[in-house]
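Line by line, the protein sequences are chains A and B. All residue numbers for the first sequence refer to this note's numbering, where the first residue is 53 and numbers rise by one. All residue numbers for the second sequence refer to this note's numbering, where the first residue is 29 and numbers rise by one.
Read the hints as simulated data drawn from the structure, not as lab findings. Ideal Cβ positions, reconstructed from N, Cα and C, are used throughout, including at glycine. Hints are supplied without guarantee of correctness; some may be wrong.
Covered stretches of chain B (chain A as the covering partner; in silico rule of three or more C-beta atoms under 8 Å from a C-beta of chain A) [as the list claims (entries may be wrong)]:
hint: 1; segment: 81 to 89
hint: 2; segment: 123 to 132
hint: 3; segment: 233 to 240
hint: 4; segment: 248 to 262
Chain A regions said to be covered by chain B (calculated; three or more residues, Cβ under 8 Å) [to be verified]:
hint: 5; segment: 60 to 68
hint: 6; segment: 78 to 86
hint: 7; segment: 115 to 126
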Amino acid sequence: MCSHLTEKASVSGSGKGAGGWFRLSHAVTYFDHPYHSPYEHTLNIDFVNETEGPGARVAVELTEESARALVACIESALGAARPAMRDRASVAPPERA
Amino acid sequence: MYRSMTAEEIRFTGDADDELNAYFARPTDAGPFGGVIVIHHMPGWDEQTMEITRRFADRGYLALCPNLHHRDAPGASPDDAAAASRAAGGVPDDRFLGDMRGAISYLQSLDEHNGKVGVIGFCSGGRQAFLAACSIELDAAVDCYGGFVVGDPPPGMPVNIRPLLHLAENLSCPLLGLFGQDDQHPSPAEVDELEAELKRLGKQHEFHRFDGAGHGFFAADRTMYRPEAAVEGWRLIFSFFGRYLAG
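Please model the complete structure; the sequences and the hints are all you need to start from.
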């Protein structure tokens with residue numbers, strides 16, 4: 053079914069879309085019908101900059117299993133990062149939009 | 029054999045006099061033809077929806093698929109427009125109905141239109157097909173596994189998504205409902221509840237439930253595709269529209 057449930061977080065960083073690199077403002081996340089993937093529901097993430105129009109978007113569609121594996125990878129990568137590597141400006145967690 | 033047709037993007041006037049685009053597929057011979065409005069699901073104007081629209085033209089209908097996400101991202105690619113619409117909270121019911129009225133007016137303005145209009149929707153489009161049939165005078169409506177027609181939406185759902193069962197008394201036309209027995213939104217119990225209400229109100233309807241099929245069984249490019257249910261479903265759809273949309 054179309055779940056309509058959507059999570060949105062303010063994020064800082066950059067993404068590369070069809071038009072090249074751009075600064076990100078939000079990550080919009082939902083578990084729902086994909087546009088491209090051949091599955092019923094996927095974990096979909098739209099990395100966007102809301103001030104640059106709908107084309108400023110990097111989209112991924114992952115199976116639930118893949119999405120959970122990605123979460124584990126992200127946690128692992130951040131856990132392995134030495135404190136000296138961390139950019140002080142990026143230390144604060146993203147705010148829920 | 030196969031019918032000659034054209035398929036192109038057109039502009040029409042929708043809700044609040046906004047101009048929006050639509051995919052319009054039609055036979056090239058003289059007609060007259062019945063009109064079918066194809067209501068896309070939340071992912072929007074994807075390839076499956078375009079193929080479905082052309083299928084109706086091949087069967088002798090003027091088939092119009094409005095881009096309900098147009099306002100959220102004018103000129104954007106369909107997937108970017110769908111994403112922008114979702115981020116904005118989805119398509120409001122009132123705006124959707126205004127766009128439907130505009131789409132009907134567009135069809136009725138065509139010399140080759142026979143005056144009859146039907147709607148068909150899949151998934152969230154199925155819910156919207158039911159909403160349209162209960163709010164606008166139509167000749168036929170097809171609801172393919174539309175969720176959230178019956179029952180309260182779960183917490184966190186956008187306020188746009190509200191149940192519609194109370195509108196059943198206003199159903200303006202015969203309704204064909206196609207559902208998978210393994211679906212949970214709508215569940216078999218929810219389909220039973222909708223059917224019981226239509227019977228209580230004396231509304232003309234025809235429901236079919238497919239064993240071994242869940243949500244989205246018409247989606248040929250997805251794992252939930254069920255060819256037996258889909259082939260029989262298409263036969264039922266064209267039989268139904270043939271009865272109510274002929275000139």
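Item to check | Outcome, coverage of the segment 60 to 68 of chain A by chain B - at least 3 residues whose beta-carbon is closer than 8 Å to one in that chain | outcome: Result for this restraint: violated, n = 1.
Checklist entry - Can the segment 123 to 132 of chain B be counted as covered by chain A under the rule of three residues or more with Cβ-Cβ separation shorter than 8 Å? => result With 0 residues closer than 8 Å to chain A, the segment 123 to 132 of chain B misses the three-residue bar; violated.
Next on the checklist: When I compare C-beta atoms, does the segment 81 to 89 of chain B have three or more residues closer than 8 Å to chain A?
Outcome noted: violated (count 0)
Item to check | Per-stretch coverage check for the segment 248 to 262 of chain B, three Cβ contacts closer than 8 Å to chain A | outcome: Per the Cβ count (4), the hint holds.
Checklist entry - In terms of beta carbon proximity below 8 Å, does the segment 78 to 86 of chain A have 3 or more residues touching chain B? => result Held - the segment 78 to 86 of chain A has 6 residues with a Cβ nearer than 8 Å to chain B, which meets the minimum of three.
Item to check | chain A over the segment 233 to 240 of chain B, status - at least 3 residues with CB closer than 8 Å | outcome: With 0 residues closer than 8 Å to chain A, the segment 233 to 240 of chain B misses the three-residue bar; violated.
Checklist entry - Okay, the segment 115 to 126 of chain A and chain B, do three or more residues pass the C-beta test at under 8 Å? => result violated (count 0)
Hint check: violations occur at hints 1, 2, 3, 5 and 7; the rest are consistent with the structure.
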